[in-house]
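The two chains are supplied separately, each in an independent frame; assemble them into the complex guided by the hints.
Read top to bottom, the protein sequences are chains S and B. Note that the numbering used here has the first sequence beginning at 1, numbered continuously upward. Note that the numbering used here has the second sequence beginning at 1, numbered continuously upward.
Simulated from the structure, these hints should not be mistaken for laboratory data. There may be inaccurate statements among the hints.
Heads up, simulated EDC-like pairs for lysine to aspartate or glutamate below, C-alpha to C-alpha not over 20 Å straight-line [stated by the list, open to error]:
| # | chain 1 | residue 1 | chain 2 | residue 2 |
| --- | --- | --- | --- | --- |
| 1 | S | K357 | B | D116 |
| 2 | S | K146 | B | E196 |
| 3 | S | K350 | B | D117 |
| 4 | S | K408 | S | D22 |
| 5 | S | K357 | B | E74 |
| 6 | S | K263 | B | E196 |
| 7 | B | K107 | S | E199 |
| 8 | B | K107 | S | D195 |
| 9 | S | K230 | B | E74 |
| 10 | S | K357 | B | E143 |
| 11 | B | K168 | B | E196 |
| 12 | S | K213 | B | E74 |
To spell it out: a stretch of chain B is covered by chain S in this simulated footprint if at least three of its residues, at any positions, have a beta carbon under 8 Å from a beta carbon of chain S; those stretches are [claimed, not checked]:
| # | segment |
| --- | --- |
| 13 | 42-48 |
| 14 | 188-201 |
We put the CB at the ideal spot given by N, CA and C, even for glycine.
Read off the chains here:
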Amino acid sequence: MNEPLLFSNIVINPGQREFWRDVRSQSSDGGQFMIDLAKKYNPNRFVARLGEWSLPWQQTIPDRYALPEYDSLFNKTFTEVTDQRALEIKSLIQQGQQFALMYSGGIDSTLALSALIKNLSNEELKSITIAANKQSVIENPVFWNKFIWGKFNIVNSSTHKYDDLIEKGYRPITADEGDCLFGMLFSLDLYQHYDYYCETLSAESKTNLQNLKSKFNTAHYSNYKDIILKHFEIRDSARTGIHNFQLDNNPEFAEQWYAKIVKNIQTSNVPVHTLHDFFWWQIFNLKYVNCAMRCAIYLNDRIDVKSVVEDYAINWFNSPDYQKWSMNNNNNGEKIVEMGPATYKMASRKYIHDLDKNDWYFYFKLKIGSLGASVMMFQDLSNIDTAQSPNYRFGLDSQYNVLYMNDKSVQDFILNCMSNYKIDW
Amino acid sequence: MNRPWAEYYPSNKNSPNRYALFAPPLDRFLIVDNLDPWLLFETGRILSSKIINVAYILKADELTNENCLNYGTEHNRNEANYGASSMSSIKQSASMAFLKQNNIVHKGWSTEYATDDRRQAVLDLQEYALFVLQCVHAITIAESYKNLWPESKYLEEFFPDNAPEEFKTKFDPTTAPRGMMHEIKNILYHSSSLQEARANIDQAWIDYSQTDNANFRSLFYSAAGITAPTVDQNLLKDTITFWAC
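Extracted from the complex, chain B is given alone in its bound form (with noise of 0.2 Å):
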């Protein structure tokens, strides 16, 4: 898989992977990364309205996004503690554990998904939760790097209650209303399949960067290495050359 994302962590790209979200439905690992450890468990949360999962933290050099989905974890009596399929512990938010080495094991595909139609939903949802971890860090770096106007967000947090609400706008270069870090997550969240949400974010773009001379939208679409739909450029606006008069 092409990353151009790991061009942003020069220090992991090369490493083995450490971080993975473990879907206790399956009983197996749904994805692995070796980047970000908070931007898979943010990957997790977004994924947690489609499937319960827990990203781990662990030292597993043989894990892969080829074969995780052969692997699980080995079943004791304290795997309730960091949220494994033990029923009463677990619940629909995402949660992050430690891992040792020494509980990953392998178990072959799930006989629970064993059925055509049970197999391929898997195969979907991993699809689904690759491209989900490829957004999350494509909009971070975007958001870090060409979010020229972030001042919203700092009244949001830091003043919640002691700023006018009419000061809480564009939070962006974008007209998103609430920012397109917000926007792509929601359609991350609550679209349906992955082209649905594929299509909902270009759609995004299109809709919210007509004001974007700051190249927000150009960063993330290359961060993520997908293509950029093609945009009518005389729907955009020339908004530095407006500031200039």
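The shape of chain S in the complex, shown without the other chains (with noise of 0.2 Å):
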């Protein structure tokens, strides 16, 4: 662990959660908040891929998921991005490659296997098998009974994890990323409260800020800092259930985090003015290496990570131009049109609409947190050694070897990392 980490991971759950609270209170002030952010977002798996971004340990990102050039005259559309993804996968079916689409029915997984039934032939999508549950069924059963049954190959994707699907002949496809590309994950539910939290406000700030809620997406994002703070803070409520984690609240915790993103938006090239921008930061540069990585590591338990990253692994929104899409097009209504979750993606709505005409889908589509909540909960662990089952999977070294909690030589690593770290931003 002398070379940097190639992926960390602070998860506040039952088996660690008496560890991380010795952690905390051996930490320095940089050690502490790193663990009250991991309360906050529980995991805590942020890292910068642009911009000055501290963490405890050195860290850096995987070359093929490092953010692309800023180019401002980049002037594809979202179709034609996804189009040309489709076209990509097609030329590696023709090479006799074959491929598990992860399919939750959620719009990121609906918009890749939509673009790959309008861009390949029947004869090649026979290349691909789709890796199902039954949550996915009923999350959009218009989509399952038009398109996918009777017409794909179909796998139990509660049973069938990443190493279960390479061992089988596929490469996985994951659209893992879709939320990062369209960036709301972190302000869904500041939107949702916006009342609620004005409401607890000054009387003038709470006028200014009703003022500027039909501007989320022109404003700067810093005229709305007192309801960021706000939505920033730390409840307890919001932890109880599976988390309970309690700690006692640092009430420096939300002007921290904001200061600390602040420095990373200035400290990058990239453009980011609006609230939706800040927001969409916040996942798009911070918590990428996450969204593109946790299959790899948590839902493989045989298979070396570094060679289901680089040679099995696909992910659909990984893609150069899409990044690129990304960066173009952000208060233009392609990713959200009103504040609220309900025109969220809109690009990808309109892609799935074009293909198949469900009003009920592209009008009341909500999102679902589909990986947690429907696959990794669901999980088969009986034939792994509690010590290394994915809820002890604390990072990846250099080498990417897997880093388990319950290794002494990692506690102790974690524990001087945690210690020394101050805050520096």
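Put into structure tokens, the structure is as follows:
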């Protein structure tokens, strides 16, 4: 662990709660902040692809997930980029490769499948297997009936992890980075609670923010600082249930988190102006690696992660063009039209609707956290040593070796890093 | 709205609305009802093919089906626990929750559905939801009163592995392969519009009720308060006469 890590993960789960509680008590202010960040966004896997961003340990970005150069002249449409992505898969099929699309019925995986159906021949589609589960069926019943059932080979994604699929000869395709591209995951909750938050602020701030509500995609994000800070506060009630992680709250946390993101924005050369941009950047830059790598790490027990990442897994949205499109289409109605969840991923909704003509889905589909809710929670862990189960995977070293929380050397490494890490932003 | 099915709930039919379907994508209540929470929940289950929803037990005398699209819930940090728009806590399958009166607030029409096409989509959805509720009440009433031969349902539920499969046929007085309750709900779950659902329900009754000597079909239509399609009487089999022979 002398070389930079490739992935790290502070997660508060029953198996690790006591460890992180002890670490926090021995951490410096930066270490405490990192654990509080995990408490806020369990898990904490934030790492910047661009701009200044410190962590308790050295960590680098795998080349394939590096941020492409911002190109203000990029002008391909979402449809063009999506069709191109499907044609890339088509080319690989023509080389004899077989694929398993991780399909949840949500917008991202439905987009990927729509593109494949649109751009591949019936013969070529025989090389696509759908990895789905019972939640996938009811999340998008129209698409299931019309385009999947009876037309594709289907495997159960709840019992077929990445290693199972690869061992059967498939390359897994995931659309897990859709939220990074469209960038709303961290703001939807704020949008839903906007009026509620306003009620808790001063009269002057409340009036100001109510006037700004409709300008979320034009006004500078700093105008919303009061409500962003309110949104960033850690509240114990938000972390009940399975997390049940109680710590003394740091009253400075919200301000610290805001300042850390702002510093990152100001040291990057990508336009981040509006409230929407602010939250988009939080996931597009800071959570991208998590979305890109988590399946290879947590839905895989047998195949070395490097091989999965470099040779097998395909992240549908991890193309330079998709990312360039994302950097150039933030406030024009392609990603969100109104403040709220119902117009989220509008470009994808339109693409899907062109194929399936399903008005209900187009107008009313809501984001569901499918990976955690319907895949990872149902993993069969009976054949895995508890010490090496996904819940105990801390990260990857520079050679893609998985680091386990039960390893004393990993624990010592974490404690040493956290106790020396100071707030430096 | 004329609600003949309300006659079957004498103690509730004039009471205020106590049950509502909340639609997180709209952040508003989609429909309200005062008769039966479990059938409203069943309506939500069927409607989940179109929209995520939560069946709330609530106390809000001001809510009606004419104004509920302007009402939502007060957003506090606990709302995720009972199924509103906080993303990570929602699921496509319907759920049920209790909502205190002070969580209901007037919000006006959703700004996310202000354009003409999106407004119409919401109104179409509400109309569809009310039709589903209407049909769920009607088929439940008709099934309860007029299904004289429900034995296959007993076998399916109570003898899943210890009765011959061939016994599990004819679920009600019709010839619908799995019974009309199943048929109607499936049509409502899978239809893409109210017109399609209505046409398919009518057709299903025409196709499957030729042996219906128990007036199962008639009670469905009368309880629902909708006009039954005209059926060629020559197609109907006089099963009672047949058995009497």
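Each hint tested on the structure:
no.	hint	in the structure
1	S/K357 <-> B/D116	holds (18 Å)
2	S/K146 <-> B/E196	holds (16 Å)
3	S/K350 <-> B/D117	holds (14 Å)
4	S/K408 <-> S/D22	holds (14 Å)
5	S/K357 <-> B/E74	violated (34 Å)
6	S/K263 <-> B/E196	violated (55 Å)
7	B/K107 <-> S/E199	holds (14 Å)
8	B/K107 <-> S/D195	holds (10 Å)
9	S/K230 <-> B/E74	holds (17 Å)
10	S/K357 <-> B/E143	violated (35 Å)
11	B/K168 <-> B/E196	violated (30 Å)
12	S/K213 <-> B/E74	holds (17 Å)
13	42-48	violated (count 1)
14	188-201	holds (count 3)
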